[in-house]
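Novice: Sequence:
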Amino acid sequence: MANMDHVQLVKRGRDTVARWREEHPGENMDLNASYLSFARIAQVDLRGADIRDSDLMGAMMARANLSNCRMNPCHLYRANLTQADLSRALLNGANLRGANLTGADLSDADLDRAILSDANLTGANLTGANLARVNFAGANLTDANLTGANLNRAALNRVNMANSTLRSADFYEAVFNNAVLTGADFDGSIIGYTVFQNCDFRGAVGLENVRHDAPSTIGVDTLYRSGGHIADAFLRSSGLPEALCGFQKTILDGPDFPGDCFISCASDDTPFAQTLMADLQEKGIRCWVFSEDARGSALVERHSTSDQEEVERWVRDYDKLVVVCTEAALENETLRNDIIQAQEMQQNKDQWTLFLVTPDSTLTQSRARLARTLSSEHVIFELQQRESDPEEYQKGLTRLADGLRENQPRAAGIPKYDDL
Numbered sequence: 035m036a037n038m039d040h041v042q043l044v045k046r047g048r049d050t051v052a053r054w055r056e057e058h059p060g061e062n063m064d065l066n067a068s069y070l071s072f073a074r075i076a077q078v079d080l081r082g083a084d085i086r087d088s089d090l091m092g093a094m095m096a097r098a099n100l101s102n103c104r105m106n107p108c109h110l111y112r113a114n115l116t117q118a119d120l121s122r123a124l125l126n127g128a129n130l131r132g133a134n135l136t137g138a139d140l141s142d143a144d145l146d147r148a149i150l151s152d153a154n155l156t157g158a159n160l161t162g163a164n165l166a167r168v169n170f171a172g173a174n175l176t177d178a179n180l181t182g183a184n185l186n187r188a189a190l191n192r193v194n195m196a197n198s199t200l201r202s203a204d205f206y207e208a209v210f211n212n213a214v215l216t217g218a219d220f221d222g223s224i225i226g227y228t229v230f231q232n233c234d235f236r237g238a239v240g241l242e243n244v245r246h247d248a249p250s251t252i253g254v255d256t257l258y259r260s261g262g263h264i265a266d267a268f269l270r271s272s273g274l275p276e277a278l279c280g281f282q283k284t285i286l287d288g289p290d291f292p293g294d295c296f297i298s299c300a301s302d303d304t305p306f307a308q309t310l311m312a313d314l315q316e317k318g319i320r321c322w323v324f325s326e327d328a329r330g331s332a333l334v335e336r337h338s339t340s341d342q343e344e345v346e347r348w349v350r351d352y353d354k355l356v357v358v359c360t361e362a363a364l365e366n367e368t369l370r371n372d373i374i375q376a377q378e379m380q381q382n383k384d385q386w387t388l389f390l391v392t393p394d395s396t397l398t399q400s401r402a403r404l405a406r407t408l409s410s411e412h413v414i415f416e417l418q419q420r421e422s423d424p425e426e427y428q429k430g431l432t433r434l435a436d437g438l439r440e441n442q443p444r445a446a447g448i449p450k451y452d453d454l
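To convert a position in the sequence shown, counted from 1, into the working numbering, add 34.
Hints are not guaranteed to be accurate.
Said to hold, decoys possible - Derived DEER-like restraints, expressed as beta-carbon distance ranges: (1) 312 x 367: 25 to 31 Å; (2) 236 x 46: 31 to 37 Å; (3) 418 x 74: 52 to 58 Å; (4) 53 x 243: 47 to 53 Å; (5) 443 x 62: 50 to 56 Å.
To be verified - Lysine to aspartate or glutamate pairs mimicking EDC-like chemistry, simulated, CA-CA at most 16 Å apart: (6) 45 x 64; (7) 429 x 384; (8) 317 x 436; (9) 317 x 247; (10) 429 x 313; (11) 429 x 294; (12) 383 x 416; (13) 317 x 234; (14) 283 x 316; (15) 283 x 266; (16) 383 x 313; (17) 429 x 416; (18) 283 x 313; (19) 317 x 351.
Source of the hints: derived by calculation from the structure; they are not laboratory data.
Small disclaimer: the values here were computed from a predicted structure and weren't measured.
Note that the Cβ used here is the ideal one computed from N, Cα and C, for glycine as well.
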């Protein structure tokens with residue numbers, strides 16, 4: 035257990051700890067299993083401290099010195115560690131979900147099995163760090179330095195590695211899924227039994243100098259997203275058949291990959307959504323049903339502090355989202371959250387993302403505020419007459435499919451799909 039005198043000293047902040055260190059040279063603080071949740075201890079010098087099993091959720095520790103600390107497995111959910119010194123720290127199994135590690139120094143730190151999903155590691159120094167089996171789902175590693183880092187079996191789902199330095203990093207058995215790799219420097223990195231799924235290698239550098247210790251898996255979706263711009267030497271060394279290397283040339287500078295589309299719906303609307311999915315797929319749209327039944331509680335997702343609650347299971351990364359808008363759907367918190375998230379995505383990416391489909395008159399005739407707001411801000415695709423008027427239904431379906439194929443900037447206003 036922690037030395038409670040030390041805990042109280044830390045809670046008083048940087049200056050109090052600095053005086054204690056002057057009076058106790060060569061000693062390290064004992065904060066084992068302490069409760070420091072939401073503590074405001076910016077710039078505090080805790081180097082070498084024993085902080086194992088402590089709760090530091092939401093703690094403000096910007097520019098703190100935590101080098102050589104034992105922090106395995108601390109709870110650091112959404113902690114602010116901006117520009118903190120965590121070099122050589124032991125963080126095995128630590129929960130850093132959503133933590134802000136912008137500009138932090140994690141060089142030679144041990145983060146084996148740590149959770150870094152949705153963490154911000156922009157500009158972080160991770161040289162020589164042990165990142166084996168780390169969950170990086172949704173993490174931002176833009177401009178990060180991972181030179182010589184060990185990422186064996188790391189989960190790199192939806193990770194942003196734009197302009198990151200990956201020289202000599204070891205990605206043996208790592209899984210990349212929908213990762214942003216623009217400007218990423220792979221020179222001298224190591225792969226083997228590595229999976230690259232739904233990745234765009236255009237703009238990545240150093241691929242011809244990657245060391246291949248075993249065959250790797252490169253998805254056809256990755257070939258398409260990369261537009262035929264992956265070095266043949268990289269593909270051959272990864273173990274891809276020569277036929278696929280030749281196939282890449284056939285899609286060189288072809289049309290943009292259409293991306294992924296999900297159809298969000300309430301449980302009662304699943305049959306309609308499944309029919310819509312089949313009809314859109316016949317028109318060449320890559321889409322899948324994402325019904326309310328396929329996920330857990332929206333409340334759990336919003337307040338989750340741990341990957342163990344399987345939040346990732348009901349997260350979808352999409353380019354376009356179709357929402358089936360019925361009266362039940364607009365009263366459903368999960369569906370309303372989907373609409374809000376898609377609207378935020380439209381704003382951030384300046385790309386029209388949200389498509390509203392109604393199998394009834396919920397949006398067009400409703401007097402509810404949400405329905406009226408959505409009707410005024412979006413084009414509504416009415417698909418009510420599949421059985422009674424197949425021709426009219428096909429017109430609406432074609433209009434929707436054409437809209438999903440297009441990439442239209444949000445700043446241009448509500449798209450005019452009738453002009454497509």
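Novice: Next step is simple, just say for each hint if it's right about the structure.
Specialist: To see whether the hints hold, each was checked on the structure:
At roughly 28 Å, the beta carbons of residue 312 and residue 367 sit within the given window of 25 to 31 Å. The hinted window of 31 to 37 Å between residue 236 and residue 46 is violated, with their beta carbons roughly 52 Å apart. At about 56 Å, the CB distance of residue 418 to residue 74 agrees with the hint of 52 to 58 Å. At about 52 Å, the beta-carbon gap between residue 53 and residue 243 stays in the expected band of 47 to 53 Å.
Distance hint for residue 443 and residue 62: a CB-CB separation of about 55 Å, consistent with the stated range 50 to 56 Å. With a C-alpha separation of about 13 Å, the suggested pairing of residue 45 with residue 64 holds against the 16 Å cut-off. A C-alpha spacing of about 28 Å is found between residue 429 and residue 384, which places the hinted pair above 16 Å, so the restraint is violated. For the hint linking residue 317 to residue 436, the alpha-carbon distance of about 9 Å falls within 16 Å, and the restraint holds.
Among the hinted pairs, residue 317 with residue 247 is inconsistent with the structure: their alpha-carbon atoms are about 41 Å apart, more than 16 Å. Of the pairs offered as hints, the one joining residue 429 and residue 313 holds, with about 12 Å between alpha carbons and a cut-off of 16 Å not exceeded. Among the hinted pairs, residue 429 with residue 294 is inconsistent with the structure: their alpha-carbon atoms are about 22 Å apart, more than 16 Å. Straight-line distance between C-alpha atoms of residue 383 and residue 416 comes to about 26 Å, which puts the hinted pair past the 16 Å bound.
For a cut-off of 16 Å, the pair hint linking residue 317 to residue 234 is broken: about 24 Å separates their Cα positions. In summary, the hint linking residue 283 to residue 316 is not supported, as the alpha carbons are separated by about 26 Å, beyond the 16 Å threshold. Taking the CA atoms of residue 283 and residue 266, the gap is near 10 Å; set against the 16 Å cutoff, the hint holds. Restraint check for residue 383 and residue 313: not satisfied, since their Cα atoms lie roughly 28 Å apart, outside the 16 Å limit.
At most 16 Å may separate the alpha-carbon atoms for a hinted pair to count; residue 429 and residue 416 meet this at roughly 10 Å. For the suggested pair residue 283 and residue 313, the alpha carbons sit about 31 Å apart, so the restraint of at most 16 Å is broken. The hinted pair formed by residue 317 and residue 351 fails the criterion: a straight-line CA distance of about 22 Å is larger than 16 Å.
When the structure is compared with the earlier hints, violations turn up for hints 2, 7, 9, 11, 12, 13, 14, 16, 18 and 19 and for no others.
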